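Colleague: Sequence:
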Amino acid sequence: MSNIVVLDNGGGLIKAGQGGERDPTIIIPNCLYKPLSSKKFLHPSPLTTPLSDEIDLTSAAVRRPIDRGYLINSDLQRDIWSHLFTSLLHITPSTSSLLLTEPPLSIPSVQRTTDELVFEDFGFSSLYVAHPQSLVHLYEASRKPYSILSKTQCSLVVDCGFSFTHAVPVLQNFTLDYAIKRIDLGGKAFTNYLKELVSYRSVNVMDETFLVDDVKEKLCFVSLDLVRDLRVARSGYNVIKSTYVLPDGVTHTKGYVKDPQASKRFLSLSEKDYVESGLMSKVGEKKADMNKNEIDLTNERFLVPETLFQPADLGMNQAGLAECIVRAVSSCHSYLQPVLYQSIILTGGSTLFPQLKERLEGELRPLVPDHFDVKITTQEDPILGVWRGGSLLASSPDFESICVTKAEYEELASARCRRRFFH
1 MSNIVVLDNG GGLIKAGQGG ERDPTIIIPN CLYKPLSSKK FLHPSPLTTP
51 LSDEIDLTSA AVRRPIDRGY LINSDLQRDI WSHLFTSLLH ITPSTSSLLL
101 TEPPLSIPSV QRTTDELVFE DFGFSSLYVA HPQSLVHLYE ASRKPYSILS
151 KTQCSLVVDC GFSFTHAVPV LQNFTLDYAI KRIDLGGKAF TNYLKELVSY
201 RSVNVMDETF LVDDVKEKLC FVSLDLVRDL RVARSGYNVI KSTYVLPDGV
251 THTKGYVKDP QASKRFLSLS EKDYVESGLM SKVGEKKADM NKNEIDLTNE
301 RFLVPETLFQ PADLGMNQAG LAECIVRAVS SCHSYLQPVL YQSIILTGGS
351 TLFPQLKERL EGELRPLVPD HFDVKITTQE DPILGVWRGG SLLASSPDFE
401 SICVTKAEYE ELASARCRRR FFH
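FYI, UniProt numbering numbers position 288 of the sequence shown as 288, with every residue one higher than the one before it.
Don't take each hint at face value.
Here are the simulated BS3-like pairs of lysine-lysine, each with C-alpha atoms no more than 27 Å apart in a straight line [stated by the list, open to error]:
id	residue 1	residue 2
1	241	264
2	39	254
3	264	375
4	258	218
5	218	39
6	40	254
7	406	151
8	218	241
9	357	241
10	241	254
11	218	34
12	254	34
13	357	264
14	264	254
15	218	264
16	258	241
17	357	375
18	375	151
19	254	218
20	144	357
Now the in silico label distances, taken between C-beta atoms and shown as ranges [claimed, not checked]:
id	residue 1	residue 2	range
21	3	83	51 to 59 Å
22	256	410	47 to 55 Å
23	371	218	19 to 27 Å
24	59	370	50 to 58 Å
25	3	224	41 to 49 Å
26	61	396	36 to 44 Å
Everything labelled a hint here was simulated from the structure, so no lab data went into it. Nothing here was measured: the structure is a model prediction, and the numbers come from that model. Where a beta carbon is used, it is the ideal one built from N, C-alpha and C, also for glycine.
Please work from the sequences and hints to get the whole structure.
Modeller: Quick look at the structure:
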């Protein structure tokens, strides 16, 4: 039996490793970057190695092969994969099978390009292409064999990734394509929105992709009561205010949160605190002190993830997350609907915002008929969930039989081979 490589090729991160393992061997950003100190674009170091701390990524330029979820630059992707396979994973493609993820509703030209990369450029012996959402379903069903999800083999996977957010009904490990709903918002859009908010208010960070990503991951949260939190943020009461220290390029090349404990105070707030904050005197709008090497965040912390629930805030004519889920479920057969509402799974890096699950439950309940239960589970590791499902599938005894081999690809070409994966 040949060696099976599981590759979750995300727009933000690539997760790669051997089929059958619990966790991926390598996690690297799916991009090349050029720090100010370098003349050419470099490969990022894997996230697990401490080496990445040494490179100063201030104002680094970034090139990504995947834009808005689709492969747009296959030469760049080839370069990144080549580095991954030879220098990091140390595998020989000609004696390996590849399990690759691809977003749902991908267009044929992108599928053809992907197949050419796999078979013609790298020469893998066989390929299986999976939708990330069906792998998440597979993993969750195997973890909880007695759950409703497992017994009915049916779930609604809400995948909020780097490029966009999908609500995907999955039945018997197949995605129901006619019912998939999408919001064009993901981690990249949140980072860009945070860049704009901070740049307008204090320091210009429009070129600081890596820095603002870090601010977003450490300080943003989902508000459970928007009006109340906006009022608190405007008052001088600093429960929500947090300070992020910018790198100075001398003593530290990475930014950090000034008081990590204080930044979590919003979680333990009671109504009383909020009422008191409303009574406190309004403090005059504080001008940014340009000499201080730090930025203060108040309402930016919750206004950024808020756009997932209200895309209209960004001028997008799209439904928010709760309505998106209801539309996806309503597109399915009426027999499936009560089961789907009971097995909603949250996955993807952008579901890591604190309080997201509670807010979603609160917004969904009024939209769902009373006699249906709503149950939302968050994956234990939303970033690795897809890869773990892929690893599980790769270790199943009949995996080889569902793959397309290089010989079949050469004989039948891309479109014909594709039919095997999703039917």
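Colleague: Please go over all the hints and tell whether each is borne out by the structure.
Modeller: The hints, checked one at a time:
Distance check on the hinted pair: residue 241 and residue 264 sit about 10 Å apart at the alpha-carbon level, within 27 Å; holds. At most 27 Å may separate the alpha-carbon atoms for a hinted pair to count; residue 39 and residue 254 meet this at roughly 21 Å. Distance check on the hinted pair: residue 264 and residue 375 sit about 26 Å apart at the alpha-carbon level, within 27 Å; holds. For the suggested pair residue 258 and residue 218, the alpha carbons sit about 11 Å apart, so the restraint of at most 27 Å is met.
Of the supplied pair hints, the one linking residue 218 and residue 39 is violated, its CA atoms being roughly 31 Å apart against a limit of 27 Å. Restraint check for residue 40 and residue 254: satisfied, since their Cα atoms lie roughly 21 Å apart, inside the 27 Å limit. Taking the CA atoms of residue 406 and residue 151, the gap is near 36 Å; set against the 27 Å cutoff, the hint is violated. For the given pair, residue 218 sits about 13 Å from residue 241 by alpha-carbon distance, which is consistent with the 27 Å threshold.
Restraint check for residue 357 and residue 241: satisfied, since their Cα atoms lie roughly 23 Å apart, inside the 27 Å limit. As the CA atoms of residue 241 and residue 254 are separated by approximately 21 Å, the hinted pair is consistent with the 27 Å bound. Proximity of residue 218 to residue 34 is assessed by CA-CA distance (about 24 Å); at most 27 Å being required, the pair is judged to hold. For the hint linking residue 254 to residue 34, the alpha-carbon distance of about 16 Å falls within 27 Å, and the restraint holds.
For the given pair, residue 357 sits about 17 Å from residue 264 by alpha-carbon distance, which is consistent with the 27 Å threshold. A hinted pair counts as satisfied when its Cα atoms are at most 27 Å apart, and residue 264 with residue 254 qualifies at roughly 21 Å. Note on residue 218 and residue 264: the hinted pairing holds, with a Cα-Cα distance of about 10 Å set against a maximum of 27 Å. At most 27 Å may separate the alpha-carbon atoms for a hinted pair to count; residue 258 and residue 241 meet this at roughly 11 Å.
Of the supplied pair hints, the one linking residue 357 and residue 375 holds, its CA atoms being roughly 10 Å apart against a limit of 27 Å. About 15 Å separates the Cα atoms of residue 375 and residue 151, which keeps this hinted pair within 27 Å; it holds. Restraint check for residue 254 and residue 218: satisfied, since their Cα atoms lie roughly 13 Å apart, inside the 27 Å limit. Restraint check for residue 144 and residue 357: satisfied, since their Cα atoms lie roughly 20 Å apart, inside the 27 Å limit.
Separation of residue 3 from residue 83 is about 19 Å and departs from the stated range, judged on CB atoms against 51 to 59 Å. About 53 Å separates the C-beta atoms of residue 256 and residue 410, a value consistent with the hinted range of 47 to 55 Å. Residue 371 and residue 218 have their C-beta atoms about 41 Å apart, which leaves the hinted 19 to 27 Å range violated. Taking the beta carbon of each, residue 59 and residue 370 are about 53 Å apart, inside 50 to 58 Å as hinted.
Separated by about 47 Å at the C-beta atoms, residue 3 and residue 224 satisfy the suggested range of 41 to 49 Å. For the hinted restraint 36 to 44 Å between residue 61 and residue 396, the CB-CB distance of approximately 42 Å keeps it satisfied.
Of the hints listed earlier, those the structure fails to meet are numbers 5, 7, 21, 23, in rising order.
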